[in-house]
Structures are given as C-alpha cells and as structure tokens.
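Asker: Now for the letters of each chain:
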Amino acid sequence: MAQLNILEAIRSAMDEEMERDERVMVLGEDVGRKGGVFGATEGLWAKYGDKRVLDTPLTEGLIAGAAMGAAVYGLRPVAEMQFADFVYPAFNQIVSEISRIHYRSNGAFRVPLVIRMPYGGGVHGALYHSQSNESYFTSTVGLKVVAPGTPADAKGLLKAAIRDEDPVMFFEHKKTYRLFKAEVPDGDTVVPIGKAQVAREGEHLSIFCYGFMRTCALEAAETLAREDGVEAEVVDLRTLRPLDTETILASVAKTGKALVVHEANRFGGFGAEIAATIAEEAFEQLDGPVTRLAGPEVPAVPYHHALEEWFMIGPARIVAAARELAAY
Amino acid sequence: MTLSEKEEQVSDSKTTTRARHQEMGLSDDDVLGMYRAMLLARAVDERMWLMQRAGKIAFIISGQGHEGAQVASAWPMRKGHDWMAPYYRSIASAMTFGMTAEDIITAHLAKGDDVSSGGRQMPGHYGGARYNLVSLSSPVGTQVLHAVGIAMGAWVRGDDVVTMTQFGEGTANQGEIHEAMNFAGVHKLPVIFVCENNGYAISVPLDRQVAGGSVSARGAGYGMPGIDVDGGDVLACYAAAREAHERARRGEGPTLIEAHVVRLTSHSSDDDQRRYRDPGEVEALKERDPIPRFANELRDTGVLTDEIEERLRAEVKAEVNEASQRAEARRDPDPNDAHERVYAEPIPGGGTAVPLAPLPGEGH
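First to last, the protein sequences are chains B and G. So for the first sequence, the numbering used here puts the first residue at 405; every next one is plus one. So for the second sequence, the numbering used here puts the first residue at 191; every next one is plus one.
It is worth saying that the hints were derived from the structure and are not from the lab. Every residue gets a Cβ at the ideal spot worked out from N, C-alpha and C, and that includes glycine. One or more of the hints may lead you astray.
[Unchecked claim] Some but not every residue of chain G turned toward chain B, in silico, with C-beta under 10 Å:
1) Gln311
2) Gly331
3) Gln333
4) Arg478
5) Tyr533
Please work from the sequences and hints to get the whole structure.
Answerer: Structure (structure tokens):
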C-alpha cells in the first residue's frame with residue numbers, strides 16, 4: 405500500500421482513469437503545464453498532452469458548459485473549478501443544464517462528468533477562497549455530491565465519480581490536501597458513491613461529518629474517550645447525495661444521540677437534512693436533541709487569523725458540543 | 191432598349207439566377223428540397239398555432255420568418271453525424287436535422303413518447319439524441335456552450351465532426367456567448383454560430399440590445415469570420431453555412447453567421463407584438479417572408495412551376511394532417527413515470543464496469 409496525501413491520491417485517481425479510459429479528459433484554469441494551483445493535475449499535461457489536459461480561459465461557465473457538451477458527445481470530462489468560491493458563473497450550467505438534461509430529455513442524454521472543487525477554510529483564504537458551498541448542490545436533484553476526508557476515499561471516490569453515468573460534484577477540502585498521509589490501496593480500488601463509513605465505533609453518541617470535519621471529529625472522539633469516558637461513533641458520510649441514510653439510522657439506533665458537524669453555516673445547511681432525516685426516521689430511538697454544530701451565520705470566512713479561528717470548527721468545539729449532548 | 195434587347199436581358203438574368211444554385215453545387219432537387227423543408231416547417235408551425243387556439247397545445251413559440259435561414263444553414267450539416275444545439279425558434283433546422291413533423295407536433299402536445307422530452311418540457315424545447323440534436327432548456331444561450339463542448343470533444347478526439355448552434359440577437363448579449371466564442375476562437379474549434387437576428391428580443395429592439403448594431407462584427411474580436419447575411423436569401427445563407435462547414439472541417443476554426451430575418455409572429459402565443467410594434471411595421475414584415483421570396487427565385491430560374499408548387503403544398507398538407515393525427519393518438523405521459531430517469535440507470539457491478547458511451551457514428 406502506498407502512503408499518499410489527499411492531493412496525491414486525487415492526482416493518482418485522475419492519472420489512472422486517464423490511462424484506463426481515453427475518453428477521460430481534464431479541463432480547467434491552470435490545470436495544464438502548471439498542474440493546477442494546488443498541484444492536483446501535476447504531471448498529467450506532460451503525460452497526456454494539451455488536449456486531454458486542457459487549460460481553459462478564465463471562464464467558469466464555459467468550463468462547466470463545455471464539459472457538459474463533451475459529455476453529451478461521449479467523453480468523460482473532469483472539470484476543475486479553481487476554488488469552489490468561483491463556481492457561481494457556472495451555476496446556471498450546473499443547475500439548469502448538467503443536473504437536468506437527463507430528466508428533461510426523458511433519459512435520452514446523460515452527462516457523465518465530474519466537477520472537482522477545492523472548498524473550505526482554515527488556509528487564510530478569506531471570503532472568496534474558503535467557502536463551503538455544498539448545500540447549493542446537495543439541494544439540486546440530478547447531481548451527485550461527494551466530499552471525501554481521507555486519501556483512500558479521495559482516490560476511490562474520484563475513480564467512482566469519473567466512472568459514474570451521472571454528474572458528480574466532487575468537494576475537496578483544501579486544508580486536507582497535504583494535511584496527512586495515509587494508506588491508499590494499490591491497484592484499481594473504487595469506493596462506491598453513496599456509502600458512508602463508520603470511521604470510529606462508539607456507543608454513547610454519533611458524530612456525522614464529512615471532509616475535513618472527519619479529521620476533527622476523530623480527534624475530538626479521542627479526547628472524549630480519554631477525558632470523559634464518552635465513546636463517540638464517528639460516521640464519515642463521504643457522499644452527501646445520494647445520502648446513506650441506512651448507515652446514519654443504524655448509528656442513531658445504536659447511540660440514541662446525534663451530533664451533526666459541518667463547516668458551512670447552519671441555517672439551511674446540509675446538516676438540516678440529516679437532522680430532519682433522523683427526526684423523521686429515528687424519533688423513537690433518540691435520547692437527546694439532534695444537535696448541529698456548524699459555521700457561524702456570517703457570509704463567509706473573514707481573513708485575519710483571529711477572525712478565521714473564530715469561524716472555524718475544530719476538535720475543541722466538537723468536544724464541547726459532544727459533551728453537552730452526552731450529558732443530556 | 192428594344193424589345194429583343196429586353197428579352198435578352200431577362201433571359202440573361204434567368205441564366206444568371208439559375209446558375210446561382212448550380213454554381214454552389216446544388217441540384218434542382220436540392221433547392222426544391224430546401225423549399226419543401228421550409229414549406230413543411232411553416233405548415234407545422236401554423237398547424238400548431240391552430241392547435242394552440244383550439245386548446246390542445248398550451249404554448250407556442252414560433253419560427254415563422256426564420257425558415258429560410260434555418261433550413262439553409264442546417265443544409266450542409268451531415269445528418270446523423272454532425273451535431274446541433276438548437277434554440278427555441280429552431281423548428282425548421284431541427285426538422286432539417288431529422289425531426290419529423292410528427293416528432294415536433296408530438297413534443298408540442300407533450301405526449302409520453304415525444305422524442306425530445308417525453309412530455310416533460312414546454313413546447314419549443316427541441317432535442318433528440320437520435321438526431322444529434324442536443325436537448326434545449328429555457329435560460330437563453332446555455333446551448334451555445336454545449337455546442338462548443340461538443341466541438342471540443344470532436345477536436346480532442348480528432349473526429350471530423352462539425353457542430354452548429356443557433357440563437358437570437360438578444361441572446362447574443364449573454365456572458366456565456368462571450369465565453370463560448372472566445373474559447374472556440376482560441377482553439378479553432380469546429381463550430382458554427384448562427385445568430386438569427388429578427389430585430390427584437392421579445393419587445394426590446396436591436397438598438398437597445400446590441401451596441402454597435404452588429405453581432406457579426408463581434409467575430410473579429412474572437413478571431414473568427416463574422417458573416418452578415420440576408421436571412422431571407424436562402425442561397426446566400428446556404429453559401430455562408432457551407433463555407434463555415436468546410437472551414438470547420440479544414441481545421442480553420444469557428445464562424446459566426448448573423449442572418450437577418452423577420453419574426454412574423456409575436457414572440458410567443460403569450461405575447462402580442464402590436465403592443466410594441468407599429469401596425470405598418472408588422473404589415474411590412476410579410477414582404478420579407480422568406481417563403482414567397484424563395485419561391486419567386488425558384489420560379490425565375492424555372493425550377494419551380496405551378497405544378498410543382500401545387501404538388502409540394504399538397505404533400506406538405508397531407509404530411510401535416512397525418513402527423514397531427516398520429517401525434518394526437520399517442521399516449522399521454524404517466525405521472526407514475528415522472529420519478530424515473532432522474533439519474534442514469536445504475537451500472538451492473540457497482541460502477542466498476544463501464545459501458546462505452548456511444549460516439550457519433552456508433553449509434554445511440
């Protein structure tokens with residue numbers, strides 16, 4: 405098994421898929437010779453040439469719209485939005501077009517494409533390089549939404565996304581890119597879309613998370629075990645749409661308490677969907693209020709490090725929220 | 191001028207006119223075929239207005255006045271091979287691309303087996319995978335990026351495939367059009383942009399829409415030819431489109447064609463253009479109707495006779511009657527089916543076995 409960080413895992417997934425399937429191409433801003441502003445596509449341009457690894461102008465609408473056209477034509481484009489914060493000019497293409505063409509054509513057209521987007525704060529990116537905007541897309545029927553938190557999942561899920569017949573929004577938390585290395589299975593290992601993972605077993609409460617919050621929740625769980633004797637079960641959702649409600653409900657049935665954690669703001673956020681699902685489906689099993697720990701109600705992450713720290717959710721805040729819930 | 195001189199001149203002019211389509215490599219059958227396609231598109235369009243008035247169709251957005259530019263620009267495209275991303279007035283070019291009268295009427299009646307959407311989309315949202323005609327949505331201009339994406343796909347793979355897209359002059363102002371044309375120009379993609387300029391974006395006239403008054407002039411900024419053509423001159427439109435098609439196939443890149451056409455009807459069945467156009471202006475449009483104009487040209491060249499005209503019109507009428515009857519007899523969509531085809535069918539084996547998506551020429 406190779407030890408990779410998330411960025412290397414993502415690069416490796418694209419490389420293997422491009423090698424395996426000549427219909428796979430990569431397009432986006434600076435993805436070619438430079439290899440992407442984060443280095444996710446490094447080496448691909450030299451290996452596959454400047455058509456299959458295509459630098460686009462600064463045109464997010466085009467990146468999404470042309471990816472859709474290419475997918476209609478039979479290719480499997482992997483489009484990169486340089487930052488999730490810059491996806492909005494492409495919103496029309498993603499929401500009006502990419503998510504709907506299969507339905508509106510009664511199944512005649514399909515658009516197997518992936519839109520990769522670095523999201524999330526904690527890297528001094530301020531308002532426009534830190535956003536967690538997944539809920540715009542999780543509420544859009546027709547899209548699949550994936551947000552891995554480990555190198556193995558990043559690689560396996562990206563491979564699954566590229567092979568998927570539907571459009572997949574692939575959220576990569578930029579703080580996790582080089583945060584740690586972990587084992588990634590060798591060979592052609594695909595992690596299925598739509599399956600959550602119990603990252604840590606526990607009996608006292610369940611923490612539902614994804615992306616960078618997985619790392620934070622696991623650290624929090626260790627603190628809770630050590631200092632409080634509380635065993636938290638950490639469920640990494642990995643895929644936000646379609647949501648693995650089975651794993652969520654099984655965990656709630658076991659612990660009776662649910663803490664939902666995400667970096668995006670709370671109001672109307674993805675956590676509300678999980679909370680509502682638990683309230684509707686597992687009411688009888690609950691032994692405390694479904695609790696959400698989410699980003700503050702400000703438009704985006706402010707810049708100064710003190711302000712950013714104030715914004716970000718880390719292990720300490722998860723511990724605090726979990727303690728309160730555990731004591732309920 | 192003597193009488194004989196005059197006769198000679200008339201005869202010269204006939205020879206010259208006749209030579210026009212022949213010089214383009216079009217046979218008499220070709221131009222009659224184009225004329226018939228225009229007649230058929232118009233007849234289907236008119237029939238659907240009647241059906242709308244009769245309460246059978248909820249909404250119509252018409253292509254009347256655009257048929258010449260549409261049939262002619264789509265004519266050089268290779269059916270079942272080249273691609274088209276149409277817009278909501280593209281009835282005549284969608285039909286030139288392969289949609290039948292029955293397909294069009296079935297779609298407008300929103301029947302369950304409509305090839306465009308199975309009754310899911312409003313009228314005027316042309317599309318058909320079997321015809322390489324990309325399904326259209328309603329926010330204007332989005333399809334132009336899809337055309338560029340298809341052209342990009344062909345370019346990446348090295349396929350000899352040309353993509354055409356159509357849009358109005360109002361849509362030409364959308365940011366996505368700028369993104370599309372710039373990108374196509376950068377990489378010399380095999381795509382043809384056809385702007386059908388009818389002078390109005392619903393109610394707002396050209397001078398409030400297009401700075402400088404010309405869409406084709408923008409081609410220069412994108413490194414592509416911007417061709418201004420009289421959209422009522424069918425052969426001129428054909429020549430422009432054919433040159434653009436050949437240019438694309440030679441690897442020389444995209445072309446922007448601005449065809450000046452007339453919108454003979456209101457914007458849609460929900461609009462009344464008398465509220466913003468003078469009666470004289472609306473009346474004068476009829477003189478620019480491309481159908482009688484092309485008929486006159488074909489008569490002048492001797493290709494079209496009364497007999498042929500009668501035959502074509504009878505054929506078209508019968509075709510539309512039959513198409514309407516068959517379309518009306520089709521099944522309505524089933525609400526129990528409305529949940530289906532939201533996502534593509536899961537792949538056996540959980541996503542590891544990838545069936546090859548068909549490429550052009552491999553069927554759909």
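Asker: Next item in the hint list is G/Gly331. Is there a CB on chain B closer than 10 Å to its CB?
Answerer: holds, 9 Å
Asker: The hint names G/Gln311 as touching chain B; please verify it with the least Cβ-Cβ distance against 10 Å.
Answerer: holds, 5 Å
Asker: Using the nearest Cβ pair, does G/Tyr533 come within less than 10 Å of chain B?
Answerer: holds, 5 Å
Asker: A closest beta-carbon separation below 10 Å is what the hint needs, so does G/Gln333 meet it against chain B?
Answerer: Since the shortest Cβ distance to chain B is 8 Å, the answer is holds.
Asker: Against chain B, run the beta carbon of G/Arg478 and see if the smallest gap drops under 10 Å.
Answerer: Check failed: Cβ of G/Arg478 comes no nearer than 34 Å to chain B, outside 10 Å.
This entry does not satisfy hint 4, going by the numbered hints stated previously; all others are met.
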